[in-house]
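Visitor: Here is what each chain is made of, one letter per residue.
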Amino acid sequence: MTNTASPTNDPGRSPATAISARGLVKHFGDVKAVDGIDLDVPRGTIFAILGPNGAGKTTFMRMLATLSRPDSGTATVMGHDLVAEPGAVRSAIAMTGQFASLDEDLTGRENMVLLARLWGFRGRQATRRANDLLAAFNLADAAHKQVKDYSGGMRRRLDIAASLIVTPGVLFLDEPTTGLDPKARQDVWRMIRRLAGAGVTILLTTQYLDEADQLAARIAVIDHGRKIAEGTSRELKAATGSGFLNVTLVDPAQADAAVALLADALASDPHRNVEGGQVSVLANSANAANAAVGKLLAAGIELTDYSMGQPSLDDVFFALTGHPAESTDTQEGERP
Amino acid sequence: MSDIDAILNAGGANRPPSSSAASNALVFGWRAMLKFKHVPEQMFDLVMTPIMFTLLFTFVFGGALAGSTSDYLQFFLPGILVQTVVFNSVYSGMGLSTDLSKGLFDRFRSLPIWALAPFAGLMVGDILRHLIAGLIILTIGLILGYRPEAGLPGVIGAFTMLIAIGFGMGWVFIVLGLLIRTPTTVMTVGFSFLFPLVFASNIMVEPVTMPGWLRAFVEVNPVSLMTTALRGFMGGGITATEIGLALIAPVTLTLLLAPLTLWIYLRRE
Chain L
1 MTNTASPTND PGRSPATAIS ARGLVKHFGD VKAVDGIDLD VPRGTIFAIL
51 GPNGAGKTTF MRMLATLSRP DSGTATVMGH DLVAEPGAVR SAIAMTGQFA
101 SLDEDLTGRE NMVLLARLWG FRGRQATRRA NDLLAAFNLA DAAHKQVKDY
151 SGGMRRRLDI AASLIVTPGV LFLDEPTTGL DPKARQDVWR MIRRLAGAGV
201 TILLTTQYLD EADQLAARIA VIDHGRKIAE GTSRELKAAT GSGFLNVTLV
251 DPAQADAAVA LLADALASDP HRNVEGGQVS VLANSANAAN AAVGKLLAAG
301 IELTDYSMGQ PSLDDVFFAL TGHPAESTDT QEGERP
Chain A
1001 MSDIDAILNA GGANRPPSSS AASNALVFGW RAMLKFKHVP EQMFDLVMTP
1051 IMFTLLFTFV FGGALAGSTS DYLQFFLPGI LVQTVVFNSV YSGMGLSTDL
1101 SKGLFDRFRS LPIWALAPFA GLMVGDILRH LIAGLIILTI GLILGYRPEA
1151 GLPGVIGAFT MLIAIGFGMG WVFIVLGLLI RTPTTVMTVG FSFLFPLVFA
1201 SNIMVEPVTM PGWLRAFVEV NPVSLMTTAL RGFMGGGITA TEIGLALIAP
1251 VTLTLLLAPL TLWIYLRRE
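Sequences listed follow chains L and A, in order. At position 148 of the first sequence (counting the first as 1) the number is 148 in the working numbering, and the numbers step up by one without a gap. Each number in the working numbering corresponds to the 1-based position in the second sequence with 1000 added.
Note that these hints are calculated values from the structure, not bench results. Honestly, I wouldn't trust all of these hints.
Stated by the list, open to error - Listed below are the simulated DMTMM-like cross-link pairs for lysine to aspartate or glutamate, each with C-alpha atoms no more than 25 Å apart in a straight line:
1) K1102/A with D314/L
2) K145/L with E1041/A
3) K1037/A with D149/L
4) K1037/A with D105/L
5) K183/L with E235/L
6) K1102/A with D187/L
7) K1035/A with E104/L
8) K1102/A with E104/L
9) K1035/A with D187/L
Whenever a hint applies, use it, and build me the whole structure from the sequences.
Guide: In structure tokens:
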């Protein structure tokens, strides 16, 4: 299922490739945070790196953004070598980190003008560029407020706007919607799609399966510092198995019993979601699934809902790694 | 959000020429000034302790230590200026530690700018802080009856020396700020070694009545050497030797720690 681009010619030199990484490794003490990752990202696409906390996503991205030096391996970003030409890489990229990279004491406009001046805009040009970006991101009304008074969604918008002072070839977004409410999340998604539509290559990390599914043309699944799969959402799903039976229980306390019954009925290893109210299991035919549902009901396990469908990315992750994707909640997990 | 295409086109087509190291440093200096505008209460932190010290030492201990409160103030004021600058250098380390903990420096580091520019900006902020705090303390001294015998030139010399002291001390806390993750730890670590340095000096009293071993320390303590120079500037009779001795610590710290700062910063992950 790993569908890496043409192995014969060097993709790093190809004008169609925005990012090309070969065998990137990063240790922190004895821990191999990134353990030999190859990746090719075509220009103008959205590429998602999917994995749980601590998988090495952030470390991998920080290396590509020149913030962390790889222990071994090579990579080019927009044709520039990461180690040999870090300055050229920095001129071609922008990064929006996981933790808002803004000065909370300054106003939104001051933050933008500060960055515009650092990029080389002078005086009134810097102010004009800042105002244009603030307007485009619906922040004109809040421009005079200190960033510490911004909502999570506004901060994220400002953070992304701050990455577009000079239009980057590659925009890195580290968990762009973590901690946002559903409305703000939709806003950020819409913005990301527009940026990609305008030709910016976007590499984003996420631990949300639906986010990768919704946004990305290609997805790399990372676990324990290694790439365990790569492909389109459809390819990853197809690789996992034909059909899945998903059941939603009235009483999550019955999940153990439901898992045991389904495992027995379908001879496959069921997996339950984090909250415990949903169980999904590989089912080879609708008849087998139907029989399994019958057994659940006969055993007194009531269902609010059941469906046959394509596997979700959650199922994919479980099938690839043997553990669910969203098993940990620690936010600091990836920071050395 | 319909303007996004236009914004991206403008940001791609009108790409400005890359900026110079000096202009980068000025931008960060501008940031330090904006901090004063938005967080004016930081000045309160910076001057409250020295004001309390000035009042306490002058009126409670002054008479007993120097015969009269006015004589003591005349002795004490240059020293309290040194103490203010030395203690306040801790705050720049705290500010840096806060910036680092919030990911702001990740953005700065991923920009194509002069790597040391953010630190140059911190220094600009420090110097402003030292000047403002020093002027407030001096004003209070003047109200209480302090008179700089060397007049305005002496005061200007003294404040120039204070800036040099603040610049040198600033590197200590920039290094601590880079190494220590939590701002409050920077403060605790900073004060725990600054307190003995400031109190075992000639700021509050002349060392003549101290035991020999302590006197030996006080006489070579850089804080004492700085205080002696400040007294020389403001009271008159400053010598080149006094200036040279007072500058040993700031110059040494800068020469050692500025390269160290860059080294730590560039290797930071």
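Visitor: All the hints need checking, so say for each whether the structure fits it.
Guide: Hints and how they fare:
1. K1102/A with D314/L: 31 Å, violated
2. K145/L with E1041/A: Distance ~18 Å between K145/L and E1041/A Cα, so the pair holds.
3. K1037/A with D149/L: Roughly 16 Å between the alpha carbons, so the hint for K1037/A and D149/L holds.
4. K1037/A with D105/L: 10 Å, holds
5. K183/L with E235/L: 29 Å, violated
6. K1102/A with D187/L: With Cα atoms ~24 Å apart, K1102/A and D187/L stay inside 25 Å; holds.
7. K1035/A with E104/L: Judged against 25 Å, a Cα distance of about 10 Å means the pair holds.
8. K1102/A with E104/L: Roughly 9 Å separates the two Cα atoms, so the pair holds.
9. K1035/A with D187/L: Violated. K1035/A to D187/L sits at ~31 Å, over the 25 Å cutoff.
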